[in-house]
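J.: Okay, here's what each chain looks like letter by letter:
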Amino acid sequence: MEIIIRPKTKWWRLDLRELWMYRDLSYFLSWKDLKVRYKQTSIGALWAVFQPLFSMIVFTVFFGRLAKIPSDNIPYPIFVYCGLLFWLLFSNSLSSSAESFVGNERLITKVYFPRLLLPLSTITTNFLDFLIASGILVIMMFYYRYAPSLLGILMVPFLLLLTVAATLGIGLFIGSLNVKYRDVRFALPFFIQLLIFITPVIYPASIVSPKHQWILGLNPMAGVIDTARAVLLSSTPIHWGLLGVSVLCTMIYCFLGYFYFQKVEKYFADII
Amino acid sequence: MNIIEVENLSKQYFIGSGGGYLTLRDTLVNIARAPFSWLGSKVAGQKAQDTNEFWALKDISFSMKPGEVLGIIGRNGAGKSTLLKILSRITPPTTGQVKLRGRVGSLLEVGTGFHPELTGRENILLNGAILGMRRTEILKKSGLIAEFADIGQFLDTPVKRYSSGMYVRLAFAVAVHLEPDILLIDEVLAVGDAEFQKKCLQKMEEVTQKDGRTIIFVSHNISAIERLCPKSILLDKGRAQKYGPTSEVVEYYSNQHAASGMGFVYTPSPKDNLEPDSAEFLGASVGGQSGQPAGVFGTMDEIYVTMEYEIKKQLSGFLMEYQLFNEDNQAVFASTDHDSDPSTSGNKPVGRYVGRGKIPKKFLRPGRYYLSAAGWNPDGGSYILARNILNFEVFANGGPANLEKGRLGVIFPELEWNTVKK
Chain A
1 MEIIIRPKTK WWRLDLRELW MYRDLSYFLS WKDLKVRYKQ TSIGALWAVF QPLFSMIVFT
61 VFFGRLAKIP SDNIPYPIFV YCGLLFWLLF SNSLSSSAES FVGNERLITK VYFPRLLLPL
121 STITTNFLDF LIASGILVIM MFYYRYAPSL LGILMVPFLL LLTVAATLGI GLFIGSLNVK
181 YRDVRFALPF FIQLLIFITP VIYPASIVSP KHQWILGLNP MAGVIDTARA VLLSSTPIHW
241 GLLGVSVLCT MIYCFLGYFY FQKVEKYFAD II
Chain B
1 MNIIEVENLS KQYFIGSGGG YLTLRDTLVN IARAPFSWLG SKVAGQKAQD TNEFWALKDI
61 SFSMKPGEVL GIIGRNGAGK STLLKILSRI TPPTTGQVKL RGRVGSLLEV GTGFHPELTG
121 RENILLNGAI LGMRRTEILK KSGLIAEFAD IGQFLDTPVK RYSSGMYVRL AFAVAVHLEP
181 DILLIDEVLA VGDAEFQKKC LQKMEEVTQK DGRTIIFVSH NISAIERLCP KSILLDKGRA
241 QKYGPTSEVV EYYSNQHAAS GMGFVYTPSP KDNLEPDSAE FLGASVGGQS GQPAGVFGTM
301 DEIYVTMEYE IKKQLSGFLM EYQLFNEDNQ AVFASTDHDS DPSTSGNKPV GRYVGRGKIP
361 KKFLRPGRYY LSAAGWNPDG GSYILARNIL NFEVFANGGP ANLEKGRLGV IFPELEWNTV
421 KK
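Chains A and B supply the protein sequences, listed in that same order. Per the working numbering: the first sequence = residues 1 to 272. Per the working numbering: the second sequence = residues 1 to 422.
The following block holds chain B by itself, in its conformation from the complex (with noise of 0.2 angstroms):
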């Protein structure tokens, strides 16, 4: 018997085109105004005409058995969030059916519905009763709960007063002991400290295993994709494009990122050499700390740029530089290799070189970036030119995208403030 029966289901958004909010005064003006064409609208059950409409999840199934885990992948924007926003009843399909048997737990975002000015004992109650438990369940468990957030002596001071690691600890310790029979989760590993990540994976392979808990899992970190996942759904634009083994998958997945014309390795062309007796471009990656090439980040990693070049003869300087273009293709920064030695021009004997360029954690903000690649001479003239050759994609895991979404910017740099009493 399949405990997830999931049958065509879509969603369908409106969105109006002059966004923000809808007012009271200017929808009675708009009525006082053409009362007729106003009713007729609503007769005839049009949509107002300023709204474009999109499928935010189209024509999705599958099923599940008591005790598996599915993982979902897939870009910002194609859909895991919308498809676990339907199975936790958040909000409705528009077409479409769920069959769900069994006690549904989510982890949506962590911290959902703690209050600061309460202490870890009162949230955990809170949260518990939030999250579906019944009261002589929750106050059964608040020890356990406790136990594992690891929070100790801080359990009757208010939540305010927290770290934001006690805080996801906190959270994620009272959504596992939840026992649901089908628990699902988003995004929750990619906060809190390596160890406790650790923990949570230890935890959640406990509970799938030991005690047949059902998971639907979305994340973009691959790898506990893959380890915890043995099945997966890559989602792209709201369509399934890859349902079936995580290792195919993710290879898919992977090789498709790599076919979209631009990766997060880039093997130079001619046409990038500007003056080809001079300066030769040898390639670009951006990876992680480790060096391995990849093309997902979270807010809290920090992200490398490499680039390979050759000098071929001696010239008065030179400097490699990156340019870094958001999907608005509005320049974020650049940054070039004398940054680290401003009084140099850049006089680079012959030869072959590296330049590993580091883009700090907790900088840029969440979304899809493109690279350009120059190297040019401080006393006038380039070399190398080479245009949208790299892209990535930063997602929100920590630092202040964490805090507030809405905040303005085309960065999001966790700056130094110091606030004193007067």
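Extracted from the complex, chain A is given alone in its bound form (with noise of 0.2 angstroms):
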């Protein structure tokens, strides 16, 4: 084994075999994020549906019963839920691994590993959340007796992997950002509490016009939302273009985050 140290000019790195050599600080520290939390939670395991449950609840008292927003005809307790679970997955692991680096900061100023490693550690944690909370999905299905499409099984791995991307990417970005300039910590919850409002969370994407539906999906979680409710409650057909146009948006957003990422990552140790 032989290691190199040079001076770091290349304006293009990825070095995924490296990431992978490191495998199991990365089953590590997302085994700290559980074992830290579930000692200082009493309730465990049951935070990650309650969270979701809870807003369901109220999103269907006051946005389904008062407001009466529409719901593509499906009972709104189902459609919100559907919704929130994707949501959460990405709100929480986006203000999370955009707090990985800085709160990290007694470990990157003193042992190298490759530092994507948190924010992708932070997800899985956050992603563990998802599968507990999927369970009450999966409950209310069998209530509401919605089966969900062969094709829809198919595309439920394939959602996942765009909303971990999309995480991942603007994640990075504003991770990156927040060990530059500190006042961007106290933006984001702020930037993220706004964001649920321009994602079809507690409407359907139908609200908009066909014609300009296409621009919901600038935001990555439109698509996946719109789609997850197209295959698993069968709302309506698949938008296509919507979920086209997440697609690239995912990729453009992936791209620009990691530029972002590499480009401060390896002054990390000297500004933070």
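These aren't lab readings, by the way, just hints derived from the structure by calculation. Source: prediction; values computed, not measured. Where a beta carbon is used, it is the ideal one built from N, C-alpha and C, also for glycine. It cannot be assumed that every hint is accurate.
Partial selection, computed: residues in chain A whose CB lies under 7 angstroms from chain B [as the list claims (entries may be wrong)]:
(1) Glu2
(2) Pro7
(3) Lys8
(4) Arg17
(5) Trp20
(6) Asp33
(7) Ile57
(8) Val111
(9) Tyr181
(10) Lys263
(11) Lys266
(12) Ala269
(13) Asp270
(14) Ile272
Derived pair list, reagent style PhoX-like, types lysine-lysine, alpha-carbon separation capped at 25 angstroms [claimed, not checked]:
(15) A:Lys39 <-> B:Lys421
(16) B:Lys242 <-> B:Lys65
(17) B:Lys198 <-> B:Lys58
(18) B:Lys160 <-> A:Lys39
(19) A:Lys8 <-> B:Lys237
(20) B:Lys199 <-> B:Lys140
(21) B:Lys242 <-> A:Lys8
(22) A:Lys35 <-> B:Lys160
(23) B:Lys358 <-> A:Lys10
(24) B:Lys237 <-> B:Lys58
(25) B:Lys242 <-> B:Lys231
(26) B:Lys160 <-> B:Lys348
(27) A:Lys266 <-> B:Lys99
(28) A:Lys10 <-> A:Lys180
(29) A:Lys180 <-> A:Lys8
(30) B:Lys362 <-> B:Lys348
(31) A:Lys8 <-> B:Lys99
(32) B:Lys140 <-> A:Lys266
(33) B:Lys199 <-> A:Lys266
(34) A:Lys10 <-> B:Lys58
Once you've looked at the hints, go ahead and assemble the two chains, each given alone in its own frame, into the complex.
T.: See below:
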């Protein structure tokens, strides 16, 4: 094994082999996140269910019953829960990966490892929360008698990949920005809060006229949530245009996010 | 075949004059105010004008063979930590190149990556992974690690309940069991009790001699360096000032310390005595508990100031005092020999005296200190005044200095607290 340390001048670096070598660390970092969380909260794994469940109840009462927001003729609780499930995976992973560098300052300044592991492992932790919370969706699907289509079952892993990729891309960008500019962390919660309103979580994508729907797709989660409802709850046919724009945007965000990250990353230890 | 090859390694830092962190808001405002000059500077690749550059390391070259142990000494800010940070790939060099042929383990600060909520056992797993061990390897060795750290029944207790000694032992235990080909160690032996320090030194001798491990060892502890490292590098302002057998480098370092005009032993000059007929200054030194003069101390060491003088005729009172100043020429404190007996006016019979004042441990902030001496009469009048006669350095090896580096104040005293739940 030979390691060569040189000034980092290349404009693009992605060492997947090294990332694979450090897979055990990634495992232990996620494991630590889970352990610590379960030690700090008395309800442990239930926490993963509480957040979407209570949001669903509140949203159903206020948006479904009182404001009578349309839901493509699907019962509002399951309609909004399906959206929330993906939305919370995105928003929770985004805020924790944006904090992942600054929050691990001591590690970054003392030990070498691929920094990319930090957002990756925090996204993994959030993904486990997602799996637990999706149990409720399965129960609701039985209760409301919805069976996913075969295409639906095949599409879900793809939608999850899309969500994780979008989170990673945007999270890397904001996380790196956060290292350099310390006011970013204060703006981020507000930004995420606003984002839910331009994502079809509490309303269906179909309230936007078909001609302009693709604009929603600039937000990757719009494509994900709309498609998830289409394949799991057969709300509407899949809006391929919307999904296509979302996929394209995710790829662009991923590229830009990683580009900015690896540009700033080499100096993390000096500026953090 | 060399296991480490360092060629012309340099590292440049830019220090902003403003200090503190950048904010996105200010940056955006600046861009909005003067978009073209911002764009221009980006295109030309210029750094902002209000930054200072300095070389933390400049043209360092050396090579090591497997099984060699290299010591690195130098003052605070000489570039020791920067060198280790580059070798452990935490920060890239500005120019130059390093070749490492083998697995690198670094022990830059003990307990890095420990999580207070996790138990000792869980932290062994996490820390092993952070230092680069494979999962199977850690599981296999966790028993040995726990045994070396000697934490026995506390293995399943969260480390937030550990004493600082236990904490350090556990961290060191994980690192030495990592079995890297190259081990980088920064100032670990400065912590922990004497017995554990001995155990660590033994372990380090064992891993180099028996297992042929290569070690780079940074320390303020000259005696540890002399014991462990046949060769050393003396760094000063980022440059390798001396590189060779440790005995020569240490000798050079001590001579240089003495030649810098001031040292830790002072021989008085006639101008120190304001009234030569009444009292005469005979000398002063700083040193450790053993009485041996020394110029470098840890925050966990007691420092003794010794002053010798002669009283030549009966005076109505004579008090001997030293004053301590920091690098900013701020008076840190002054202490007089009647501190231990405030009732006396220092009425001393004619004769020679040696006054020894103790500066407690966990009191001074890490940094450089300058000392002045004065002998005076509480009824009025000065007999001895010698300014800036001694200097010494304090580095962090425990106590409050290790808890919070950014703590405010010119001193770092460890004070008593009593916190109860209401």
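J.: So which of the earlier hints does this model not fit?
T.: 4, 5, 6, 7, 10, 14, 17, 21, 23, 26, 30, 32, 33
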